[in-house]
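Whole structure, please, built from the sequences with the hints as guidance.
Now for the letters of each chain:
2 protein chains.
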Amino acid sequence: MEYQGTSSGGTASPKDAPKDARDWSRIRSLGPGAPSTEYFPFYGIDFEVGSTDAFETVGKKIPDTTTSIHVGKHDSTTGTSIYDLAIGLQYGLGTGSKQLLKFLTEHIQLIHNPPYRNWQTILSAGNTSAFEIVLRMLGQTGEHLLVEQHTYATVFETGLPLGYKFTQVRMDKDGLLPDDLDLVLSTWDESARGGKKPRLLYTIPTGHNPTGITQPLPRRQAIYRVAQKHDLFILEDDPYYFIQMPTYHPGGTATVTTAPVTSVEKYAETLVPSYLRLDTDGRVLRMDSFSKIIAPGARMGWVTASEQVIERMVRAHEVSVQNPSGFSQIALFKLLHDSWGHLGFVKWLAHLQGEYTKRRDGLFEACDAFLPREIVSWVPPTSGFFAWISVDWTQHPQAGSKSTLQIEKEVYDAAIECGALVVPGSWFLPDEGRGGMEGVFFRMTYAAASAEDVKEAIRRLGMTLRGIFKLETAGGILESRL
Amino acid sequence: MEYQGTSSGGTASPKDAPKDARDWSRIRSLGPGAPSTEYFPFYGIDFEVGSTDAFETVGKKIPDTTTSIHVGKHDSTTGTSIYDLAIGLQYGLGTGSKQLLKFLTEHIQLIHNPPYRNWQTILSAGNTSAFEIVLRMLGQTGEHLLVEQHTYATVFETGLPLGYKFTQVRMDKDGLLPDDLDLVLSTWDESARGGKKPRLLYTIPTGHNPTGITQPLPRRQAIYRVAQKHDLFILEDDPYYFIQMPTYHPGGTATVTTAPVTSVEKYAETLVPSYLRLDTDGRVLRMDSFSKIIAPGARMGWVTASEQVIERMVRAHEVSVQNPSGFSQIALFKLLHDSWGHLGFVKWLAHLQGEYTKRRDGLFEACDAFLPREIVSWVPPTSGFFAWISVDWTQHPQAGSKSTLQIEKEVYDAAIECGALVVPGSWFLPDEGRGGMEGVFFRMTYAAASAEDVKEAIRRLGMTLRGIFKLETAGGILESRL
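Protein chains in written order, with this note's numbering: chain A, 68 to 549; chain B, 68 to 549.
Keep in mind the hints are simulated off the structure, nothing from the lab. Just so you know, these numbers come straight off a predicted model, no measurement behind them. Hints may be right or wrong, so weigh each one.
Stated by the list, open to error - Partial list, computed: chain A residues near chain B (C-beta under 8 Å):
hint: 1; residue: A101
hint: 2; residue: L156
hint: 3; residue: E374
Think of the CB as a built atom: it goes at the ideal place given N, C-alpha and C, for glycine as much as any other residue.
Below you can see the structure in the form of structure tokens.
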């Protein structure tokens, strides 16, 4: 039987009982109020999952080659597996199950190899849950959170009700600007800013949401040095880390090839190093998620930081989510540990990289074909789910009288009228940042729509922009190119 | 594709896009950044579950009669089911999936039939998560939470870091005393108490943890009237609601019979009415959980309250847990909706009632046989997981010089030395309530231990108590009775 871990405070509680140093095996316990596993009405589960031999070969349809994995109620008793329904469906530990945690800790070691000794990993109930807990744990009401100029809207939605304010740091084509970060902190004026000098930097370093930017290694090193200078704690939110892609070349779709992955270490070397990999000081809290690489419905991620920080997170889990769902943990354990293994997992990730490369290329070929270059510019990303386009609003017929926010809204509404949904850039700004917005941007994703829908949406967006900006319609000619 | 619901504040966000009133079907969306279901590496899941025809018959071993339920990725597209992996493993709604939510809303209607119009149900990530969200939503730092004299330790562990104080309300054999509740509130002195008059009452009305007490209907009605008088909001934490049992009769194990369940409505009539069933005013927030009736690892429960309260909880979910695991939701939906149905579900609950009745009876037969009646007293519960015994500490040889807390610790430690774990009553008190503790109590559970372990633990506890209280050892004679 698994216990619920230790209590959150210094006081004794029923969950403390197993901490006694006495020989536990001889004790007949009438302690923790967990039900008998006899009464879990699930006796076995079979998962039909993708086989590693399918996604080694480009172009092979995965559903054609699946493997069935079985989990029984008492597999750990019979020696069939180290994890089973009796463990996974019982109350668990605030860290997540030791079985899946061990696999993910090994994974962190293999991929990120953190350069200090006392790092630890914990399973979270997804990155949003982890982020919310971390904000409550590390900050105070009225504190400023340093964020990228545009950032994931959930950061505001989560931080605002907790009393956070937001300080934006400027970006260039390589992401967050270390010089601006240093300037903001070096010139911080408590009374002007209405708050103490920030201690927390939130960043999405790979396939940034919404801009798609991936910070190159020198940029990460420069930001880390500024974090050291001002003693910042870095919240590295990195759900797109494994969706890294080669540079886009127009017409390059046919050339996408995935080199066979032969070792986890060699695969790791192909990826841009994470902040965790650079973290000599224990000032990084890295959030990984299954949402973009396995399934969002798992509601599970993993967080890696110093043992002092993870210990506090375990306590927070014990009095809130406790741990991710046992059904999720069982599904992921059987997939990753019992079926794929570490090598199979990264083969899957490499397969996804190839798939998303094709999707990205499809979207940007449509941009090349349908968007008016006179007023729209973009840089195809090398990671993640998002395309980010900049519209030259100064060429708008009423540029003198309309604000950027008004022009953005005009394009957004007209695009929907025309049957295309793209997301306005202002939705990725804090409320106070929207008034003097410097540009008109839109985010588009190639993550889920069919190739046909992507092409059609962008054709419609192109028509919309030409209409609003009174450009000549060249759609007919361009369409023939696709 | 499911969307993540609406944003938490008044500001626009990417999650708002689907709220547009326009005809959504004609729109090609490059909006929400959800991955394609094509890349969920789970293609099918088979659950082997207990069959309803097995647990209709007393004494039949359930694992001998199981049913296999299949869920595929696109069952809702093919018309096989209304829920599938493509929906369940995608991002979901802050309420939980509409499919499982509909089933549980019907279940609430059938069992509790709340007497006001605008009640709603939401899926939670377990009762601890729901409780923590509710405390943050409804109270403020420094506020007093009204609790039973002894209560579930997690209430303190969760409430303390949120800044709650605790005001205990006295109990008798029927639980929380309405007169004491009224007295506490009528004589509330803000400056003496160090806080405003409480607005929240937390209660575990059925199979109370730790005392095992179930409030009878007249008691619930009286407490509800006091809540009306002082405008209290009632947090009804009721994980043991379906573990209701007949009165214990010594030697009655063989007479346990479960009457066949023929309708959900008739089954509901056999249960003590919940506060939700009495709630004409919308002042009750009821927390149900799968932990004690299906499996704790599901990390899922359901909360029922007025639509105003539920709406706030949905917003809180959107910026924290989002929703319970899709794997959990799929497992429970397939079990409850596609396999068992409402009648099958309550047949299972009736089966559990029979099983826990046998377990309870076994424990109290051991108490009858092994515990020294001269110093120990108890009332066998009619619901839940817990036995609660009172030790007459005044008969302790050093009663004059030792505190109740010291005597409790002496018994607890000596029982562990003797190889039996029981939980001290002081662990269910707020810190400030332990000093002047009025009695010595222990909680024991029959939920999981084998009949043999229960008997042996209680035999050892009896020996321990006889030793400490210098009673004649009558173990040999009593043992022959079992």
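Tested hints:
Hint on A101 (chain A) holds. Least Cβ distance to chain B is approximately 6 Å, under the 8 Å limit. Here the hint on L156 (chain A) is kept, as its CB sits about 4 Å from the closest CB of chain B, short of 8 Å. Proximity of E374 (chain A) to chain B is violated relative to the hint, the smallest CB-CB distance being about 20 Å (cut-off 8 Å).
Going down the numbered hints, you'll see the structure goes against just number 3.
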